[in-house]
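Novice: Please build the complete structure, drawing on both the sequences and the hints.
Line by line, the protein sequences are chains C and L.
Each number in my numbering corresponds to the 1-based position in the first sequence with 2 added.
Each number in my numbering corresponds to the 1-based position in the second sequence with 2 added.
The hints are simulated quantities; they were obtained by calculation from the structure and are not laboratory data.
Ideal placement from N, C-alpha and C gives every residue a C-beta, glycine not left out.
The reader is advised that the hints may include incorrect statements.
What the hints assert, rightly or not - Take a look, some chain L residues computed to stay more than 12 Å from chain C by CB distance: (1) Ala-117; (2) Gly-133; (3) Glu-182.
As the list claims (entries may be wrong) - Reference excerpt, derived from the structure (chain C facing chain L, CB under 10 Å, subset only): (4) Glu-51; (5) Gln-54; (6) Thr-59; (7) Asp-60; (8) Ser-70; (9) Thr-71; (10) Val-72; (11) Ala-90; (12) Ala-104; (13) Ala-156; (14) Arg-159; (15) Ile-223.
2 protein chains.
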Amino acid sequence: MGEFELIARYFKRPPGPRSQVGPNGQDTSDGRAVALGIGDDCALLAPAEGMQLAVTTDMLVEGRHFLSTVAPARLAHKALAVNLSDLAACGAEPLAFTLALALPRPDESFLAPFAAGLFALAEAQGVELIGGDTTAGPLNICITAFGQVPRGQALLRSGACAGDDLWVSGTLGDARLALEVFRGELALAAADFEQVREAMERPQPRVTLGRALRGLATAAIDLSDGLVGDLGHVLAASNVGAVIDADALPRSTVLARQAPALQRQCVLAGGDDYELLFTAPAAQRTAIEAAARLVGVPVTRFGHIDAAAGLHIVDAAGRALEASWRGFDHFAT
Amino acid sequence: MGEFELIARYFKRPPGPRSQVGPNGQDTSDGRAVALGIGDDCALLAPAEGMQLAVTTDMLVEGRHFLSTVAPARLAHKALAVNLSDLAACGAEPLAFTLALALPRPDESFLAPFAAGLFALAEAQGVELIGGDTTAGPLNICITAFGQVPRGQALLRSGACAGDDLWVSGTLGDARLALEVFRGELALAAADFEQVREAMERPQPRVTLGRALRGLATAAIDLSDGLVGDLGHVLAASNVGAVIDADALPRSTVLARQAPALQRQCVLAGGDDYELLFTAPAAQRTAIEAAARLVGVPVTRFGHIDAAAGLHIVDAAGRALEASWRGFDHFAT
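Specialist: Following this line, the structure appears as structure tokens:
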């Protein structure tokens, strides 16, 4: 199977609901966001009037971002999900994505489930594959995703203000707990392991929550490298500090049964959470809780923003904890 | 050196002329195309009124797209150039790009010249690095590039009509000739080798020509996998055939001194040319020659489009040549 047959067989789909392509491949100008999809030198995107295009890219490498044992369908899900999570953190509506894929061999037993996992999430989220590249090489998946957001309304890392509440969606730390099991550091009952493995391999991007937070949150980021590290990016971009309660950070019942030190490691610096961390004025608490209920995603307050620089981590009793938790760094050894 | 220090040291530049970012990182809405660059979860693009956004992505892998001996500055140039070449083929004005980079180690001796080569071309072409991803892993460079084109004016593969002339820019085959030298199949004098090696390692994307062809050309494609293979994509997308004169295909003086069979191999199926192949009605000949002169890129007519399917390759005397030349396929063995 050659490169072009591979693309035609696994990655070319009829134009989706966001496309409107005329008989000669031209945009029929009825305002659909994808004017031209896969198959030419470029795809053409047309964000709606008054919209900006949000762009994000993530590259996934075996051994760094996923284990060689992961099912191809889950790998594809994750590769797209981590990009949609970045769009969610900006409050953008996902539109489309490109896929660049290097793989050692054009292997049916990999490509068929990979494409199935990819399109399952793409269709659930209403995003269209508009282009890409395939090549032989060590397994590498690079997705670039596109969304639209009304001009000036994107949620950025730089908007946090002193006094703002700190919020986080969902629960934290399950993906890290699963990694510890894979590393042989820990054993879990089968059902518990399946639950945390699902968190690691099939993260759910918080797209509806991100959009609901436009106009409510002052800053947002998605959690990929661990809460302390990612919060650090918000604090630096906003030129503020924070106080957070480690014991208030939400965790699953599986994680809540582990040793306290492991729980803290997982929620503070676990990595691969793909939840949204955001800040908002206290006056928005009711509105945020209502928005979160509406989209069906739990949110939890766990601290507040300080004018003074620095991150202070305390426990439920207000005692200071060591603040040396580091975010995940892909070049750290 | 960690991931974030690496990005800050090598890839973060002051916002370029296409950016206008306010004090809180927000778009100041004066119509610049890059509303928010590197450093947040997403970048924000705002194509000008009436413009569509052209998107293309290419992944480069060692041993497939470049040799391990290539200078890092040239590798970076080529990784960006091949994407700009896709934008050129659509007639788009380049705006910005993202870079996802996997490399075995965060190695200064690689990163410093790589960044220098990347920004040299980016600045020459007026495109801004707006985001990306870096990770440890086998060397892999994935660039996604963005341009803008007036709605409905993008040059596509699907517009070729029976009777149209076939044109190509520049000269063909030098990159392939250089590859044959690297493979030990051929020896060239040092100065000749430098010339063809430059063609292989530092292709010049035909951006100004592509824009000049809007409204003149009926179809266009950039030549990356060899003329016969890439022309095949145009013929298939346009549902037409073609007759081409292999001896009319433009070649450098270095290639013109090689054996006739090697010349044909290089110009018909060389690969890595990054010239524009385009079609246009005969009535546009004068206008096309004038446009090409204006942008300083030579163009050559080498055949015409037929209503009947199929590609017929002839020599200068009109004798049929074997038509079994194949394009480059990244999974062919």
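Novice: Hint by hint, note whether the structure agrees.
Specialist: Hints and how they fare:
{"no.": "1", "hint": "Ala-117", "in the structure": "16 Å, holds"}
{"no.": "2", "hint": "Gly-133", "in the structure": "6 Å, violated"}
{"no.": "3", "hint": "Glu-182", "in the structure": "21 Å, holds"}
{"no.": "4", "hint": "Glu-51", "in the structure": "9 Å, holds"}
{"no.": "5", "hint": "Gln-54", "in the structure": "5 Å, holds"}
{"no.": "6", "hint": "Thr-59", "in the structure": "4 Å, holds"}
{"no.": "7", "hint": "Asp-60", "in the structure": "5 Å, holds"}
{"no.": "8", "hint": "Ser-70", "in the structure": "13 Å, violated"}
{"no.": "9", "hint": "Thr-71", "in the structure": "18 Å, violated"}
{"no.": "10", "hint": "Val-72", "in the structure": "16 Å, violated"}
{"no.": "11", "hint": "Ala-90", "in the structure": "8 Å, holds"}
{"no.": "12", "hint": "Ala-104", "in the structure": "5 Å, holds"}
{"no.": "13", "hint": "Ala-156", "in the structure": "6 Å, holds"}
{"no.": "14", "hint": "Arg-159", "in the structure": "5 Å, holds"}
{"no.": "15", "hint": "Ile-223", "in the structure": "6 Å, holds"}
Hints 2, 8, 9 and 10 from the list above are not met by this structure, while the remaining hints are.
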